[in-house]
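In this note's numbering, the protein residues as written are 2 to 358.
Simulated from the structure, these hints should not be mistaken for laboratory data.
All residues carry an ideal CB built from backbone N, CA and C; glycine is no exception.
There's no promise every hint is true.
Simulated pairs of lysine-lysine, DSBU-like, Cα-Cα distance not exceeding 35 Å [claimed, not checked]: (1) K326 to K193; (2) K3 to K65; (3) K232 to K62; (4) K326 to K352; (5) K326 to K172; (6) K3 to K326; (7) K303 to K172; (8) K21 to K232; (9) K352 to K193; (10) K293 to K232.
Between beta-carbon pairs, the in silico distance windows are [what the hints assert, rightly or not]: (11) S129 to E57: 31 to 39 Å; (12) D50 to V214: 32 to 40 Å; (13) E99 to F26: 38 to 46 Å; (14) L113 to N70: 29 to 37 Å; (15) D7 to V214: 38 to 46 Å.
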Amino acid sequence: IKGIRDFNLFPERAVTDDTKELVFFNTSFDSDGISQPVSNSNVSWEVEDETIGLIENGVFKGLKEGVTNVIGIFDGVSDTAQIEVQIGSGILQVGNFESIEGISLEGENIDLANSSVSISDSIFTSGSNSLELNYQFTYAGTPSTWAYLRTNIPVFGVPDTILIDGATDGKRHLIDLIVTDDNAEEFTIRLKRYADNTEFDAYYLSMENILPVDPFSNFYYPITITGIGIKLKSEQQIGEIYSGSLFFDNMRISYPKKLSVSIEENIEVPSESELIQNYPNPFNPTTVISFKLAESGLTSLKVYDILGREVSTLLNENMTSGTHKISFNASNLSSGIYIYQLTTETGSQSKRMTLIK
2 IKGIRDFNLF
12 PERAVTDDTK
22 ELVFFNTSFD
32 SDGISQPVSN
42 SNVSWEVEDE
52 TIGLIENGVF
62 KGLKEGVTNV
72 IGIFDGVSDT
82 AQIEVQIGSG
92 ILQVGNFESI
102 EGISLEGENI
112 DLANSSVSIS
122 DSIFTSGSNS
132 LELNYQFTYA
142 GTPSTWAYLR
152 TNIPVFGVPD
162 TILIDGATDG
172 KRHLIDLIVT
182 DDNAEEFTIR
192 LKRYADNTEF
202 DAYYLSMENI
212 LPVDPFSNFY
222 YPITITGIGI
232 KLKSEQQIGE
242 IYSGSLFFDN
252 MRISYPKKLS
262 VSIEENIEVP
272 SESELIQNYP
282 NPFNPTTVIS
292 FKLAESGLTS
302 LKVYDILGRE
312 VSTLLNENMT
322 SGTHKISFNA
332 SNLSSGIYIY
342 QLTTETGSQS
352 KRMTLIK
């Protein structure tokens, strides 16, 4: 291999927090302009401010909020990337839809002349208004009909979920959230269920479900929410006119919960696996969850709210047989009933616990 002439780090700029690892990659070209593969383990890495974060083999881990440069050096050639650590917590409202300012309607196979977006004061979940979409289209055999509510909402930090309240006309619509990253590359987040409730319902869009519009795009934070996409349902009768109304309100983002967990182990092997009732119960905010494993293997312990939505993964790894105790601190959760579920290779067990604040 000839000497490296060009060495470039990607991403050039990104946002992360103190829970996610940011992985760099590089492109390298020799003196003849031929691309040469260079492993991150062969690159010398530096962080200008190691109080902000640390890096090893091209994997950056944030420690506290701030901005720092990451430098990669290979064969005497270097490149620099800028990383900002932004640490969010809890749930933050980013859109209350009190006015129509900054919102526009676009679509595919929809009659825009007879469709509109406006503000409604008839139903809402936050403030005194909601966003109302009135749609109309004539089905002409096209595979799908989309309405796009375009907006521009910059997002702080590294959320794990985007939430929006929605009320529909009862048809089985699909919802995509449209976001762009710092490179203006577009991505969609698909709601993993139908939006068909005629009353306001909270729709959870997990960042784990993000997909690139261009399959060659690489996703990095920060993000900007640029639209809500609604795939409109119809009976698909050619020539028929379909119309209806949908309402949206209270868009918010949720950051990863940082729940304190500690594990104790007992090597005595029980005869069968068992999930034990947490103690104390009710609790505020700390309780101990114990379980017995008859066999070693992959084990997960998750906490769900009363609606079945996962709020925390306490454990997801290979565990040895024996008795284990996990101290669970739920200081970031609201009062209520929660379900904790133990899953092993032989089955699942669940119990309820009550958090009182």
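Verification of the supplied hints:
Proximity of K326 to K193 is assessed by CA-CA distance (about 34 Å); at most 35 Å being required, the pair is judged to hold. Taken as a hint, the K3 and K65 pair is broken in the structure, with Cα atoms around 40 Å apart against an allowance of 35 Å. This hinted pair does not check out: K232 and K62 have alpha carbons roughly 38 Å apart, beyond 35 Å. Between the alpha carbons of K326 and K352 the distance comes to roughly 15 Å, so the proposed pair stays at or under 35 Å and holds.
Straight-line distance between C-alpha atoms of K326 and K172 comes to about 47 Å, which puts the hinted pair past the 35 Å bound. A threshold of 35 Å between alpha carbons decides the hint, and for K3 with K326 the separation of about 56 Å lies outside it, so the pair is violated. Distance restraint check for K303 and K172: the Cα-Cα separation of roughly 33 Å lies within the 35 Å cut-off, and the hinted pair is therefore satisfied. About 32 Å separates the Cα atoms of K21 and K232, which keeps this hinted pair within 35 Å; it holds.
Distance check on the hinted pair: K352 and K193 sit about 26 Å apart at the alpha-carbon level, within 35 Å; holds. As the CA atoms of K293 and K232 are separated by approximately 47 Å, the hinted pair breaks the 35 Å bound. Separation of S129 from E57 is about 51 Å and departs from the stated range, judged on CB atoms against 31 to 39 Å. For D50 and V214, the Cβ-Cβ distance of about 35 Å falls inside the hinted range of 32 to 40 Å, so the restraint holds.
Remark: the range hint 38 to 46 Å for E99 to F26 is upheld by a beta-carbon distance near 42 Å. As the Cβ distance of L113 to N70 is approximately 47 Å, the hint placing it in 29 to 37 Å is violated. D7 and V214 have their C-beta atoms about 29 Å apart, which leaves the hinted 38 to 46 Å range violated.
In terms of the numbered hints stated before, the structure departs from hints 2, 3, 5, 6, 10, 11, 14, 15, listed from lowest to highest.
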